[in-house]
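Trainee: Let the sequences and hints guide you as you build the complete structure.
2 protein chains.
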Amino acid sequence: MARFTFFGGKGGVGKTTVSAAYALRCADAGEETLIVSTDPAHSTSDVFEQSFDDDPTSVEGRDGLSAMEIDPEAEVEAHMMDIRREMEKQVSQVVVNEIDKQIEMAHETPGAYEAALFDRLIRVMREEADDYDRVVFDTAPTGNTLRLLSLPEFLGDWVDRLIEKREKSLDLYEKAAIGTDEPRKTAANDPIIHRLREREEKFEFAGRILREESSFYLVLNPDDLSVAETRRAVEHLGEHDLDVRGLVVNKVTPEPDDDENGRGARYLRERCARERERIAETEETIPVPLVARIASRTGEVKGDVLGEVADELAIDVAATP
Amino acid sequence: MARFTFFGGKGGVGKTTVSAAYALRCADAGEETLIVSTDPAHSTSDVFEQSFDDDPTSVEGRDGLSAMEIDPEAEVEAHMMDIRREMEKQVSQVVVNEIDKQIEMAHETPGAYEAALFDRLIRVMREEADDYDRVVFDTAPTGNTLRLLSLPEFLGDWVDRLIEKREKSLDLYEKAAIGTDEPRKTAANDPIIHRLREREEKFEFAGRILREESSFYLVLNPDDLSVAETRRAVEHLGEHDLDVRGLVVNKVTPEPDDDENGRGARYLRERCARERERIAETEETIPVPLVARIASRTGEVKGDVLGEVADELAIDVAATP
Numbered sequence: 001m002a003r004f005t006f007f008g009g010k011g012g013v014g015k016t017t018v019s020a021a022y023a024l025r026c027a028d029a030g031e032e033t034l035i036v037s038t039d040p041a042h043s044t045s046d047v048f049e050q051s052f053d054d055d056p057t058s059v060e061g062r063d064g065l066s067a068m069e070i071d072p073e074a075e076v077e078a079h080m081m082d083i084r085r086e087m088e089k090q091v092s093q094v095v096v097n098e099i100d101k102q103i104e105m106a107h108e109t110p111g112a113y114e115a116a117l118f119d120r121l122i123r124v125m126r127e128e129a130d131d132y133d134r135v136v137f138d139t140a141p142t143g144n145t146l147r148l149l150s151l152p153e154f155l156g157d158w159v160d161r162l163i164e165k166r167e168k169s170l171d172l173y174e175k176a177a178i179g180t181d182e183p184r185k186t187a188a189n190d191p192i193i194h195r196l197r198e199r200e201e202k203f204e205f206a207g208r209i210l211r212e213e214s215s216f217y218l219v220l221n222p223d224d225l226s227v228a229e230t231r232r233a234v235e236h237l238g239e240h241d242l243d244v245r246g247l248v249v250n251k252v253t254p255e256p257d258d259d260e261n262g263r264g265a266r267y268l269r270e271r272c273a274r275e276r277e278r279i280a281e282t283e284e285t286i287p288v289p290l291v292a293r294i295a296s297r298t299g300e301v302k303g304d305v306l307g308e309v310a311d312e313l314a315i316d317v318a319a320t321p
Numbered sequence: 001m002a003r004f005t006f007f008g009g010k011g012g013v014g015k016t017t018v019s020a021a022y023a024l025r026c027a028d029a030g031e032e033t034l035i036v037s038t039d040p041a042h043s044t045s046d047v048f049e050q051s052f053d054d055d056p057t058s059v060e061g062r063d064g065l066s067a068m069e070i071d072p073e074a075e076v077e078a079h080m081m082d083i084r085r086e087m088e089k090q091v092s093q094v095v096v097n098e099i100d101k102q103i104e105m106a107h108e109t110p111g112a113y114e115a116a117l118f119d120r121l122i123r124v125m126r127e128e129a130d131d132y133d134r135v136v137f138d139t140a141p142t143g144n145t146l147r148l149l150s151l152p153e154f155l156g157d158w159v160d161r162l163i164e165k166r167e168k169s170l171d172l173y174e175k176a177a178i179g180t181d182e183p184r185k186t187a188a189n190d191p192i193i194h195r196l197r198e199r200e201e202k203f204e205f206a207g208r209i210l211r212e213e214s215s216f217y218l219v220l221n222p223d224d225l226s227v228a229e230t231r232r233a234v235e236h237l238g239e240h241d242l243d244v245r246g247l248v249v250n251k252v253t254p255e256p257d258d259d260e261n262g263r264g265a266r267y268l269r270e271r272c273a274r275e276r277e278r279i280a281e282t283e284e285t286i287p288v289p290l291v292a293r294i295a296s297r298t299g300e301v302k303g304d305v306l307g308e309v310a311d312e313l314a315i316d317v318a319a320t321p
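Here the protein sequences line up with chains A and B, keeping their order.
Residues 1 to 321 in UniProt numbering are what the first sequence spells out, letter by letter.
Residues 1 to 321 in UniProt numbering are what the second sequence spells out, letter by letter.
Each statement offered as a hint is correct.
In silico DSS-like cross-links for lysine-lysine, where the CA-CA straight-line distance does not exceed 30 Å:
#1 168/B with 89/B
#2 165/B with 89/B
#3 168/A with 202/A
#4 251/A with 302/B
#5 10/B with 251/B
#6 10/A with 302/B
#7 175/A with 165/A
#8 10/B with 302/A
#9 302/A with 10/A
#10 251/B with 302/B
#11 168/B with 202/B
#12 302/A with 251/B
#13 10/B with 251/A
#14 251/B with 251/A
#15 10/A with 251/A
#16 10/B with 10/A
#17 251/B with 10/A
#18 89/A with 165/A
#19 10/A with 202/A
#20 202/A with 165/A
Everything labelled a hint here was simulated from the structure, so no lab data went into it.
Mentor: Structure follows, in structure tokens:
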């Protein structure tokens, strides 16, 4: 059964709040649930007023709910150290020192952050997920991460051709030379081919989980920019065969009372009218159902307020993974 | 005299509105002004209710003001075509076809967009800028673009070493061989060294203009995320010796009238209180003066409303470039 749920959307739309509210609904429905946050601002710790780290921990006072926070920066560091160690095995110390600078630079490339984070999320799906019925992520793959999902195909062909060439040259080598099987052994254990196969298998696993055992929701706010970005995200996910199950409009401005008529009330009414237009546009132009509208709150969402948001979220937990 | 002004900030904070209002102030103060927009949503065309393209065009009804809109996507295309043409000169057609796929992929890398856009902005500073007293950009360099400013140093050393090695091998070649000066001629015209020198010179020019003839302002909204991002942007610009002259807080929620007391008024008062906290935090923790607070508007900013925003902006045009 599908059991992973991802809440995507641009920074600031309220993904963490919505994912926390959804995870709470799952736990309240009797599902053992893990919420995985990737927000470097530790907003999940804020929501539950409890500090989380890289290990799943029970959320106090919320039966059936655990949380973990992944620090993307720490993941990038670890990722780079892995690469360095791998290289040290294969080249001399002098080269390693030269290469360190390159790694430093690669660390700063825009893709490094996403790649390291995706690696960690795949590890959650493989390891931590085993102890739970549901795993809720406050992020969804975008841009470069989605492109990684096409890697297995691409990488598979490439590795096959690489091995084929390798075999041919080994055949020639054996025919030409000394009757030892030393070279063939080396090919079977070739660390580079081994790593490529490993990556191929890893992204194949991720693609399968994302396509067959996961649901995606996108969180947006009722403004032009957020609607346009959501439209692009739905298309982009679709191009990678990932279906978006629903849209959640968050931070909807509340209407004033009917008898309010001052400057503030006029401002709010105009603002609400604009937001209704954006929401209508969303429903007309994005082919994904709008599953919830959540009111804007002036205070932080935590404690009882999270329960209120969970009530407004109203995604049928039983029907969706 | 300094004459370039950049308005930076994350998508959605209102950079285009603020830059348009500032450009209007410059033009009204008697400076021949060009506003350069890089927003793919053509918001500058919306603000002035007139369609702009890649060529500077006078804004109707606004004396001394011209506008142009750069399409970053088109710039990436052109950039990639340039690279392709350059490569075709140097390798066989078979290799070009193989390489086309690589270019296709490079096109999608996150850095390509920024690099192509920065190239075009440098061209504006070199060419279009000549006809104006002031040039206002609705964007400021971030991330990878800032890193390009360190390229001249890095590239300079590298090219010097490359040429030195080249000279040495040519010396050996000449000592060893036939008395022709053919190889030396080739080195002087080496297309790769030529292009590296060109890039070195280009980014050197950009660095000089940005450090000596430009002012930077950052636009933010009074919320946690925007304040945190602005703090990082100020630090990042500072690391590259670019001083931020001022912060503009945009989309400040208006207070209700004193005698309003309904649900709407209560919501607005709480919201305004939260925003005041964010603004106080900004002033306490970011070492850059807050030069303007602009009220949130429910309708689109254009026509007379732009004039109102320009009045609220109140940056002294004469004192700043």
